[in-house]
Every structure is written in C-alpha cells, then in structure tokens.
Amino acid sequence: MVMTQEQHICWGAACAHSTSHQLEIRNLSISYGDKLALDNLSMSCNCGHTLALIGPNGAGKSSLINAIVGIIPYQAGEIIWQGKPIKRNEIAYMPQRNEIDWSFPINVRQLVEMGRYPSLGLWKKVSQHDRDIVDKAISSLNLGQLQERQIGELSGGQQQRVFLARALAQEAHILLLDEPFNGLDLPGIQQLSQLLGQLAAEGRLVIASHHDLVSAPTIFEKTLLLKRELIAYGDTRDVLSEENIRLAYGDQPTIPQPS
Numbered sequence: 001m002v003m004t005q006e007q008h009i010c011w012g013a014a015c016a017h018s019t020s021h022q023l024e025i026r027n028l029s030i031s032y033g034d035k036l037a038l039d040n041l042s043m044s045c046n047c048g049h050t051l052a053l054i055g056p057n058g059a060g061k062s063s064l065i066n067a068i069v070g071i072i073p074y075q076a077g078e079i080i081w082q083g084k085p086i087k088r089n090e091i092a093y094m095p096q097r098n099e100i101d102w103s104f105p106i107n108v109r110q111l112v113e114m115g116r117y118p119s120l121g122l123w124k125k126v127s128q129h130d131r132d133i134v135d136k137a138i139s140s141l142n143l144g145q146l147q148e149r150q151i152g153e154l155s156g157g158q159q160q161r162v163f164l165a166r167a168l169a170q171e172a173h174i175l176l177l178d179e180p181f182n183g184l185d186l187p188g189i190q191q192l193s194q195l196l197g198q199l200a201a202e203g204r205l206v207i208a209s210h211h212d213l214v215s216a217p218t219i220f221e222k223t224l225l226l227k228r229e230l231i232a233y234g235d236t237r238d239v240l241s242e243e244n245i246r247l248a249y250g251d252q253p254t255i256p257q258p259s
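Sequential numbering of the sequence shown, starting at 1, is according to my numbering.
Derived by calculation from the structure, the hints in this document are not laboratory data. Any given hint could turn out to be false.
[To be verified] Straight-line C-alpha distance at most 27 Å; calculated BS3-like pairs for lysine-lysine:
(1) K222 <-> K84
(2) K87 <-> K136
(3) K124 <-> K136
(4) K87 <-> K125
(5) K87 <-> K222
(6) K124 <-> K87
(7) K136 <-> K125
(8) K35 <-> K227
Every value quoted in this text rests on a predicted model; they were computed, and no experiment measured them.
Input sequences plus hints: build the corresponding full structure.
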C-alpha cells in the first residue's frame, strides 16, 4: 500500500537528514547571579551521532542541557539548529529519573502519547496519524505488553525505554538526556547503550550527560569535555586522554582512566 503524506510516519532525522541537520553552539555563556556556569562555549555536531557531556560536578553539563531545552536563559551566545535559532519542538528531553514523580497515575501509553502534544493543533485533537506514531514508538521499544502498566511499576530500564518512546513519538531530531544511566543495573545499561546507538544510527543526534569515563568510549562516539569552559571536543577516545582528564578533574587518583 502506498502511503499518502498524511499517513506517512516520519521519524524526524531518520529521514536521511543527518548531513544537513546540525546543532551549533556559538559563544554560549550561562550565569546564575554572580556565578559563571559556562563560559564562551562553541561547538557543532550533526545528527547521526551520540555525544557525551562529561566533566566534574559543576562543570556546566546540566546548564548546557537546560539552555538547549529552553529551561534556563543564557546571557550570551546562540543555539542554532539548521542555521536558525532552535525551537523546543525539535528537542525531546529526558530528565534524571530522580526528578520524575513515578507515583503519578499515568500508564505507559499515556506517557508516550504526551510526545504528540507539541504537534497537536489548537484543539489538541489526536488523529489516527498521531495514534499510528504512538503505536510505532511503543512497538519499536518493545513496550506493547507494558502499555497499560503504571509507570512506577516498571524497572529502571523499562522506565528509560518509555521516555525514549515518548521522544520517538515526538519525532524530535535531538534527544537530550540528563544522566540516563544513573540507577540502572548492568543489563539495563547495556540495553540503553544499544538503544541510544540505534537511535543515532537512524539519524538522530543523541546528547547525554555522563560521569563514567571508563564506559564512555563504548557508548558515545563523541565527547564534549567541560569545566565551565571547553576542555576538549571530538572523538571520545581522543578527548578522554590523560592530559585532558587532568585538566578537567585535576590530579585526582580516584578518577578512572578509560581503557
């Protein structure tokens, strides 16, 4: 069957846009009162990659994520997407698990449906097209048997998959995740790593704050190393050199070295 434009389910950057879809950070500075959180940061990255934000506590990782999402203002610089100021509907955001009220009376399907809200019109009427996209998102992350389950009844790994399904339903090009591996057991970490790689391979840009220097090279292609300013940016194994780690963390023997 040939789908019409209205029936076609578009997975955002999965539609072979990765070479032209570029996120640019230009001379970005963020402050909280007199405290400088991020100073004059510039970088760019195309869709189709996994990017880790790494640095010590207070390095500016969460501030950068919150600025891209639009949660906090920035004092100087620009955040550009495809040559224009970024819009929030281009971004799917997954906060840290401890920031979510898992007792809230909502089931898996209802949470995934929330990904469609930015695309709905004035009257917020859900169309068959929207339902098809939600169905595909749930199916893609193997959540079909869990879709009537209240979100607090899920394991940590399942909860992360639900939020990724919501991101798929939103058809966002950029996925921003704040410490997504926190609290997961080893199988959950392995499964989430594979999912993030799959989402990037389909053409999305996956950006996540991360603290484990040992696992970073196995999960993320690129790394942005911060300490309130840019320390290094590029391929993860190149960025996480002993010299760069020392610049970011100081001479701390407890900081593990990547293999």
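* Between K87 and K125, is the straight-line Cα distance small enough, at 27 Å or below? -> holds, 22 Å
* Asked: Holds or violated: K87 with K136, Cα cutoff 27 Å?
  -> Holds, because 24 Å separates the two Cα atoms, which is no more than 27 Å.
* **Satisfaction of hint between K84 and K222, Cα-Cα up to 27 Å** => Holds, at about 23 Å.
* Asked: Between K136 and K125, is the straight-line Cα distance small enough, at 27 Å or below?
  -> OK: K136 and K125 at ~19 Å, within 27 Å.
* **Pair hint K35 and K227, alpha-carbon separation not exceeding 27 Å** => holds, 14 Å
* Sort out whether K136 lies within 27 Å of K124, counting only the CA atoms. => holds, 20 Å
* Distance restraint between K87 and K222, which requires alpha-carbon spacing of 27 Å or less -> holds, 24 Å
* Taken at face value, is the distance from the CA of K87 to the CA of K124 at most 27 Å? -> Between K124 and K87 the Cα gap is close to 20 Å, so the pair holds against 27 Å.
Consistency note: the structure conflicts with none of the earlier hints.
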